[in-house]
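Trainee: What follows is each chain in one-letter form.
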Amino acid sequence: MKRIFSFLLFFSTVLGSSLYAMGPGGLQWYYCGSRQMGMGFSGVALWDGLSTAAFNPGGICFSRRSGVEIGSSWLRPATTFLEASPGIYVDSTIIPSLTPLFFNAVLHVSPTSEEKGLSLGLSVNQPFGTSVIWPDNWKGKFISQEFTLNTYFADITASIRLNKKVGIGIGGSYGAITMISRRALRDTDGQNLDVGSVSMSGSDLTWGILAGICLRPSDQLAISATAHSPMRVEMINGLADFSVPTSLENTYPDQSFRTSFWLPGRLDIGFNYRPESRLLLTAAINIVGWGMWDSLYYDLETPVNSLTQYPERGYRNSTSLRAGGEYSLSEKWLLRSGLYLENTPVTDQQLSPEVPDATSIGLTAGLGWMLNERFGLDLAYQFSFTGERSALLAPAKFGGTYESLLHSVGVSMKYQW
Amino acid sequence: MRRLYTWVFILALLSASCRPSLEIPNPSAGILAVDNFVAIGDGYTAGISNANLSDSSFLSGWYQESQANSFPKLLSHQFAYAKTLTFRQPMLSTHGNGHLFLESMSQPLCEFTSSTPVILTEKADQGWTESIPTGLLGNLGFQGLSISDVTVPQHGLSSPIWPMLGGQDDESYLQLISKRKPGLFTLFVGLEDLLSFGLSGGNMEKLPSVGEFVANFQQLLSVSMEDEESIGLIANLPDPGNFPFFKQIEPKFVNIENCRGSLNPIFITTGLGDVQEARDADRIHLSVAPFLGTDYLGSGPFGLSGNNPVPSDWVIDAWEHEMLRQQLLAYNQAIDSIVYTLNAKAGYQRLAVVNLFQSFDALNDGILEDGIDLNNSFLSGGIFSLDGIYLTPRGNAWLANQFINTINHLTSFGARIPPLDLTAYPGIRYP
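Line order of the protein sequences matches chains W and X.
When the letters of the first sequence are read in order and numbered with the working numbering, they come out as residues 1 to 417.
When the letters of the second sequence are read in order and numbered with the working numbering, they come out as residues 1 to 431.
For reference, chain W alone in the conformation it holds in the complex:
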């Protein structure tokens, strides 16, 4: 235990110099395993376990047994906004209940020898998601009242053990994305003090590829790299639903819209180190290609004057650093902990309340319980916070101080054979 703490202490000191600035709750999600969650999502190089189906295509073939795992997390993200001084306007998002689900399966196809083997992995998960819902009448309503994004993907991977030390994997990712964006329309105030608004919803199917390599130079050490390709989203039949006073229905007809953007690609690099049989230490770096998220523009069939859009996003690529540990208390009980720093892709001049992002620090804890060789349960808890961030959405002249935090719990059960 002492070593875990000294390791975490070291890690946090290293990070200490760069603390500040993807915020709790969105957009990139790693909720594909409660064991991973307990370890700060740092198990990219974990090769023994069912979450390899999602995190480590190269490592699937090293997994000791075949098995299935199902689980979910319960996220409670919240953001508070305070306008710039001397203003005193303050408001918070309505806390949504987000429950990303996951299902992981590992199947060893050919008899696994020390030297060669073929395995298949399947992971159904939600790699991106967010739901930022502000009160309908809040100050930023003309920019965003709600932004909800959901994704459901299935990653199917073939993993080959080339020799005792090298495994590789390649797969395809196929899935659906749905999006809702809601905001108030200026100059559509009704008699009853309600403001006109538009809700834009759309969906699309898309696909990508993932590939990875897992190296095990020794029994103690593993190094893995996994790449997820970016995925193109083209919503061609989105629905723009206007709710306006009766007299303006001609001016704001319901209609279809199109929009397109890239879900960013990602490169994960991870390290596993097992200094002694009861202790496992993990570390990982994620580099996420948010730089491709440069704009989000809704192209309406009949353009509407006062649908003010602020399409520029100008995101930068972002990096996350993670570390975690797992300690076996006994045959049955495992204790986990993790720490991470997620750097924000959003610049200080482009921060929209739609995705009020900020660099965040996360702390996690987890508990594993094995009933027997085959059946197990995992629990995890995550707390993440951003600290105060003063930023502006320059094109809308909307700024202030944001602060976010996230509580979430995860649970999963697994069966291996």
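By construction, these hints were calculated from the structure, which means they are not laboratory data.
Mixed in with the good hints there might be a few duds.
What the hints assert, rightly or not - Counterexamples of contact, computed for chain W against chain X with all Cβ distances above 12 Å: (1) Ile70; (2) Leu107; (3) Leu118; (4) Ala154; (5) Ser201; (6) Pro217; (7) Asn237; (8) Pro245; (9) Leu267; (10) Tyr273; (11) Gly314; (12) Arg316; (13) Thr386; (14) Thr401; (15) Glu403.
What the hints assert, rightly or not - Negatives, chain W to chain X, calculated, CB over 12 Å: (16) Thr79; (17) Glu115; (18) Phe128; (19) Lys164; (20) Leu185; (21) Arg258; (22) Lys397.
Unchecked claim - Which residues of chain W face chain X? A few of them, derived with a C-beta cut under 10 Å, are: (23) Thr93; (24) Asp187; (25) Glu276.
Even for Gly, the Cβ is constructed at its ideal location relative to N, Cα and C.
Fit chain X to the supplied structure of chain W, relying on the hints for placement.
Mentor: Chain X only, in chain W's frame:
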């Protein structure tokens, strides 16, 4: 047991802090006596909105809701964050002295045309003048007050509003203020004079000379500053020629026949009596819009032919507008120098100029705040009410913020007043 503890721990964390809390800065009034705040001025100060300008008495648009959103009332809201205060306005009935309202938007005639507003008038309430104030009023905005009026003795008979402001017969507006002794005041006068000029189609007699303006302005200031510690926020004058009532009609008219649009120049009569095509710099009254192209006033489509031009009374031509601008710039210069002199005399900043000329000027290109764009377009601009001259609640909130920004920028006031949230105030109300 261990699992139980884990769950208790998790639940405790979840309930402890679900939302981040940010520290809200403390508003402060500094040296401003916000609890003795008095607003001095004309219809803008009174809170006129949706006024029926064709009403022969020129009294319209003063009613409960418009008054609740007068910029002085909104200012007092914000002042109240810094210090407890009571701010009284004259008592008004629901529809007060009557006002315009938007009844509907007509169906667009053709695919490429837009809906046009159907604006009707709500009549004045019976006996709207009957209430006499019981306490000291904070809002002394006097609808129709021109700068030359301030010295003139008023009578309840000739001006039904006068008693509602607490004015006695034979008392002048100056005396009314002198009785009141404000600790903090806003002074925004002169706009009604510019408006009379514009509404009369450029009658030069409506514009007081700079000499008269200065003399009366100085008198207004001296009665407002009778309390030796009073502090004043002095508004300079915007150019009403850019208000939608004068600016909205383009010099070219889209004439629609069988859903084929053609651009017709509008013909106007200038102040000198010449009939000519309207230019960009000419300002045509918005009230003319419904009649353009009809048989109004005789033969030929009204306003669209040289035979039936828009009469000069309904136009400020380019030259007249230039005169108006010259005059108002001279007024504004005078305001600057009066304020400068009085501050120098006091030895500290007792008076601050609120640069409304600049603020309203920015509306020509449009401004952006909190994700809303605001401009001087009719209906959609968000600032001006159905009359095209007075403000919507959102416009008044924006105007109040000009005063608040001036206060907050002057460090010598030592005040921190939170600005109004424009998004919380409606623009035009659509049925």
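Trainee: Give a verdict on every hint.
Mentor: Evaluation of the provided hints:
Taking the minimum C-beta to C-beta distance to chain X, about 20 Å, the non-interface status of W:Ile70 holds against the 12 Å cut. The beta carbon of W:Leu107 sits about 32 Å from the closest Cβ of chain X, which is more than 12 Å, so the claim that it is off the interface holds. Distance check on W:Leu118: its Cβ is at least 39 Å (rounded) from any Cβ of chain X, clearing the 12 Å threshold; non-interface status holds. W:Ala154, annotated as away from the interface, keeps every beta carbon of chain X farther than 12 Å; the closest lies near 31 Å.
Residue placement check: W:Ser201 keeps its beta carbon more than 12 Å from all beta carbons of chain X (closest about 21 Å). The claim that W:Pro217 lies off the interface holds: its Cβ sits roughly 36 Å from the closest Cβ of chain X, which is beyond the 12 Å cut-off. Distance check for W:Asn237 against chain X: the nearest CB is about 23 Å away, which clears 12 Å, and the non-interface claim stands. For W:Pro245, the condition that its CB be more than 12 Å from all CB atoms of chain X is violated, with the nearest at approximately 4 Å.
No beta-carbon of chain X comes within 12 Å of the beta-carbon of W:Leu267; the shortest separation is about 31 Å. No beta-carbon of chain X is positioned within 12 Å of the beta-carbon of W:Tyr273; the least distance is around 27 Å. The claim that W:Gly314 lies off the interface holds: its Cβ sits roughly 17 Å from the closest Cβ of chain X, which is beyond the 12 Å cut-off. Taking the minimum C-beta to C-beta distance to chain X, about 23 Å, the non-interface status of W:Arg316 holds against the 12 Å cut.
In this structure W:Thr386 is not separated from chain X by more than 12 Å, as the shortest Cβ-Cβ distance comes to only about 8 Å. With a minimum CB-CB distance of about 6 Å to chain X, W:Thr401 fails to clear the 12 Å threshold, and the non-interface call is violated. For W:Glu403, the condition that its CB be more than 12 Å from all CB atoms of chain X is violated, with the nearest at approximately 4 Å. The Cβ of W:Thr79 sits about 7 Å from the closest Cβ of chain X, inside the 12 Å cut-off, so the non-interface label is violated.
With a closest Cβ-Cβ approach of about 42 Å to chain X, W:Glu115 is found to remain outside the 12 Å limit, as its non-interface label requires. The claim that W:Phe128 lies off the interface holds: its Cβ sits roughly 23 Å from the closest Cβ of chain X, which is beyond the 12 Å cut-off. Every C-beta of chain X lies more than 12 Å from that of W:Lys164, the closest at about 39 Å, which supports listing it as non-interface. Distance to chain X contradicts W:Leu185 as a non-interface residue, since its nearest Cβ pair spans about 10 Å, not more than 12 Å.
The beta carbon of W:Arg258 is kept farther than 12 Å from every beta carbon of chain X, the shortest such distance being approximately 22 Å. Annotated as non-interface, W:Lys397 brings its C-beta within 12 Å of a C-beta of chain X; the closest such distance is 5 Å. A distance limit of 10 Å between C-beta atoms decides the matter here; for W:Thr93 the minimum to chain X is near 8 Å, and the interface restraint holds. For W:Asp187, the suggested interface contact is upheld, since its CB lies about 5 Å from the closest CB of chain X, less than 10 Å.
Because the beta carbon of W:Glu276 sits about 23 Å from the nearest beta carbon in chain X, more than 10 Å, this interface hint is broken.
In this structure, the hints that do not hold are numbers 8, 13, 14, 15, 16, 20, 22, 25, in rising order.
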